[in-house]
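Each chain, letter by letter, is given below.
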Amino acid sequence: MFASSRPKNFGVYKKYADDELEELLAHYEHDLTEAAEKVNAEHLTRIAQALYILKSGDYENIWWRIERRTNELAEKKQLDHYHVTNILRAFSRSQKNRMSGQSKTYYNLEPIILANLDSIPDRDLTHLMYSYGVRSVGNPELHAAFETKLAEIADRLDYPSLFNAVYYLLFKENANP
Amino acid sequence: MKNVGEREEILPLIYYKPFKASALFLKHHYPEMDLQDYSDKFWHAEKYFQVIKQEESFELN
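Residue numbers (the working numbering), protein chains in the order written: chain A, 1 to 177; chain B, 1001 to 1061.
Bear in mind the hints are in silico, worked out from the structure with no lab data behind them.
Hints may contain errors.
The calculated lysine-lysine pairs, modelled on BS3-like cross-linking and capped at a C-alpha distance of 30 Å, are [as the list claims (entries may be wrong)]: (1) B:K1047 to A:K104; (2) A:K15 to B:K1027; (3) A:K149 to B:K1027; (4) A:K14 to B:K1017; (5) A:K149 to B:K1047; (6) A:K96 to B:K1047; (7) B:K1047 to A:K55; (8) A:K172 to B:K1047.
Quick caveat, the model's predicted, so the values are computed rather than measured.
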């Protein structure tokens, strides 16, 4: 037993890794808040993705600015479906899955999704479905479009996409096997 | 569901939760439905799934 190489301290360093990420974000907090106010769509998407991937539970101040800039760019029609998908994906899984962003932002981005529904890749589409499903937001037209599209693409989805699609159907309590 | 039944790959553990939930949902609302093929796909995932580890290690955010 004493000679065993079996690891015994799983997760011990997880806390330290978390702390280091928090410290990193704290260091760049002002830069990120300033940047998020005036960046273009591409960079805004990167900031949202980075914040979601670093999995911090804090920094609402940065998320607020990302959200405001998202709405601003959406009004100027500078967001395409790629930006919308990744920003909503970041919103819906951010802050350790507590989510950020107001419901009206989701409604605001709907027209971009509806206009590009056929050009969005399958997996991205399921991310969008998850985002709208988990928040229970979205107009009936959007959900009708999602359901029609899902029926079309269901046969060719892979497991990660099915993961999102199944969650979407469960949140909507829609049993259409 | 047809897609999952026909798929040859094993369901990865990190994606297990919604599939199990959907099987339970369908079983509850549609008891007459045949879920055999669908549930068989979770066999490996079910064997190794642990709720505590799910929270610590396999969580997909």
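Measure nothing beyond the straight line between the CA atoms of A:K15 and B:K1027; if it is 30 Å or shorter, mark the hint as holding.
The hint is violated at about 40 Å.
So if I understand the rule, the pair passes when the alpha-carbon distance is 30 Å or less; does A:K149 with B:K1027 pass?
Since the Cα atoms of A:K149 and B:K1027 sit roughly 25 Å apart, the hinted pair holds (cutoff 30 Å).
Between A:K149 and B:K1047, does the CA-CA distance stay at or below 30 Å?
34 Å, violated
Would the pair B:K1047 and A:K55 pass a check requiring their Cα atoms to be no farther apart than 30 Å?
29 Å, holds
Decide if the proposed pair is consistent with the structure: A:K96 and B:K1047, CA atoms, cutoff 30 Å inclusive.
27 Å, holds
B:K1047 and A:K104: Cα distance at most 30 Å?
42 Å, violated
Is the hinted pair A:K14 and B:K1017 satisfied, with a Cα-Cα distance of at most 30 Å?
23 Å, holds
Taking only the CA atoms, is the gap from A:K172 to B:K1047 under or equal to 30 Å?
29 Å, holds
The structure fails to meet hints 1, 2, 5 from the earlier list, while all remaining hints are met.
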